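Undergrad: Given next are the chains, with one letter for each unit.
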Amino acid sequence: MQYSQKVLDHFMNPHNVGKMENPDAVATEGSPACGDQVTIYLKIDEASKKIDDISFLSYGCASNIATASIITDLAKGKTLDEAKKISWKDAMDALDGLPPVKVHCSVLASDTLQTAISNYEIEHGLKEVPNFGKETIIEELKKIIYPQVGEDIVTLKMVKYVGFDDGEVLIDMNIMSFDEWRDNVAEEIREHLSKFPEVKNIKINFP
Amino acid sequence: MTPGKIYLDNCVTTPLDPEVLEAMLPYFSEKFWMPGTFISTGESTNSALDEFRQTIAETLNAQAVEIHFTSGGTIANNIAIKGLANAHASSGKHAIVSLVDYPDLLTNAAWLEKKGFEVTYLEPDAEGVVGAEKLAAAIRNDTTLFLTTIVNHVVGTIQPMAEYKKVLENAGHKIFWHADAGQAYGKMPLDLQELGVDTLSISAHKIHGPQGVGALFVRKGTRIAQIIHGVSRVGSVQPGGVSIALIAGFAKAVQITFADLDATISKLRGLSNYLLERLEAEIPEIELNGPRGEKRVSHNINISIAYIEGEAITMMLDLKGITVATGSACASQGLKPSYVLMAMGKNHVQSHGSMKFTLSRYNTKEQIDFAVASLAKITAQLRERSPLYQATHSQEK
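Heads up: the sequence lines are chains A and B, in that order.
Heads up, the first sequence is in my numbering, so the first residue is 1 and it goes up one at a time.
Heads up, the second sequence is in my numbering, so the first residue is 1001 and it goes up one at a time.
It is worth saying that the hints were derived from the structure and are not from the lab.
A few of these clues could be false.
To be verified - Straight-line Cα separation of at most 25 angstroms, SDA-like style, residue types lysine to any residue; simulated pairs:
no., chain 1, residue 1, chain 2, residue 2
1, A, 19, B, 1380
2, B, 1336, A, 182
3, A, 19, B, 1285
4, B, 1336, A, 173
5, A, 6, B, 1377
6, B, 1377, A, 14
7, B, 1377, A, 17
8, A, 76, B, 1390
9, A, 143, B, 1335
10, B, 1377, A, 8
11, B, 1320, A, 2
12, A, 43, B, 1384
13, A, 19, B, 1286
14, A, 203, B, 1335
15, B, 1114, A, 182
16, B, 1336, A, 191
17, B, 1320, A, 12
Keep in mind that this is a model prediction, so the values were computed, not measured.
If we strip away everything but chain A, and leave its shape as in the complex, we get (with noise of 0.2 angstroms):
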């Protein structure tokens, strides 16, 4: 596994680490089923509404502790409405990259920071809970990467169609049955919907 210099950096010596007393916001991410799972506490200026400190606690490989590292120090100071801007691109960006089988890691790592500030946001009256529908489930899918390319699998068009009805979640993929990541894919693509509690069955059809 090739990794960067600054990859090797923030997960030998992380930034940002360790559990937080009373923060005003904390998310987590990912599941030990799937390999990973991050948390990220926020302390927020109520006035500014600036993100005065943050940290995170990682389960996950060398990547996984690198990216939240980074993304921790990418959101610091910054209002909440900038850190809602964080890509998981930016934070691949300021770590010189990844392998592409590791990107999946930086989606995760600034999905959990966008679902801090969320959470921070519907608790403060900042904003509702969106409801739940065939654009949340698009949402969802931009953050599954394909891992031979390290792109999202929204972006690559191997999603053909997304259909959404009582509960039921019906959706094409364009992934051969040769690919060998079509089963790493699928998984992938339950376990990021499967957490919605609107979700009762999702049906995955592959050419």
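Following the hints, position chain B against chain A.
TA: This is chain B only, laid out in the frame that chain A set:
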């Protein structure tokens, strides 16, 4: 080996013995001739080849004519499995293999399925043992092939070969039996008069020999179809030229390992026991994967460390000059957890946190002390950062 470089991944490959290198060198230079060519110089290489074959045959209690040199263990497995299947498919197209077998055997089983065979995959118990009663239950009238990995490559479990033999003898018809002995040869006694297998593969680089050479035992009278076609120089199941230098190295490695096999095994077992004892003393909340004691091969220890992930651990150990392996999905090419641990009923977290140590005669207690001390520090550090550990241990602080 310097204390800074501690190699504990001898399941993958082993460092070359300097005496082996010495033994190979003349065959790269002045004795470069190709065995099987009929000139006076070729004749002398032939006799050298016969001698090397004899050396290896003796360690297995086999006859020299039953030993065929190949360019490695995987090619030996392919020649045996495909060769037996092609030769005997007319008597039935059912094969038996286990879910924890070495990838060579499982990928060949997939090939068998494509060729119209039905394959039964036997399940292991929680320690990785595939019970003989499961084999007995799987045998059908059309069963022609049974494939075994004598020592499991992940957890070191030794399969009950003597019990398998009884089951196969009582099957009522001939079932051809191929065994992979990659992790067994040189780590435990193997007697082919006792074992009862029809074919068996071994590899040089697992016992401090060179990479790129192995051997296939084919019991006298066992018919296997030719899989690889070409110039037959030395009557091997793998035609084409053979590397006399690599074979010379293989024979030398065998001589050294088997000069006192009991002593080699007892040294490896002593080191393994010491390693496990130190790990259990120094690191809380770990568990041994696979059996304890005699059901386990002499050189393998596999543990799962709770709350943390294996790739991070192996990378941190690597930066301290310590090489180990992990069954974590994050460290695998296909992002998949160890299929062996999963078949044994372990969960994803146990597989993600699994660490495999495989020892050789070059390892020392001092190296083990350093490796365990380093691992204990790394474990504490990673647990401090782990949300799983924090969730279960935060009240204690």
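Undergrad: When the hints from earlier in the document are held up against this structure, which numbers fail?
TA: none
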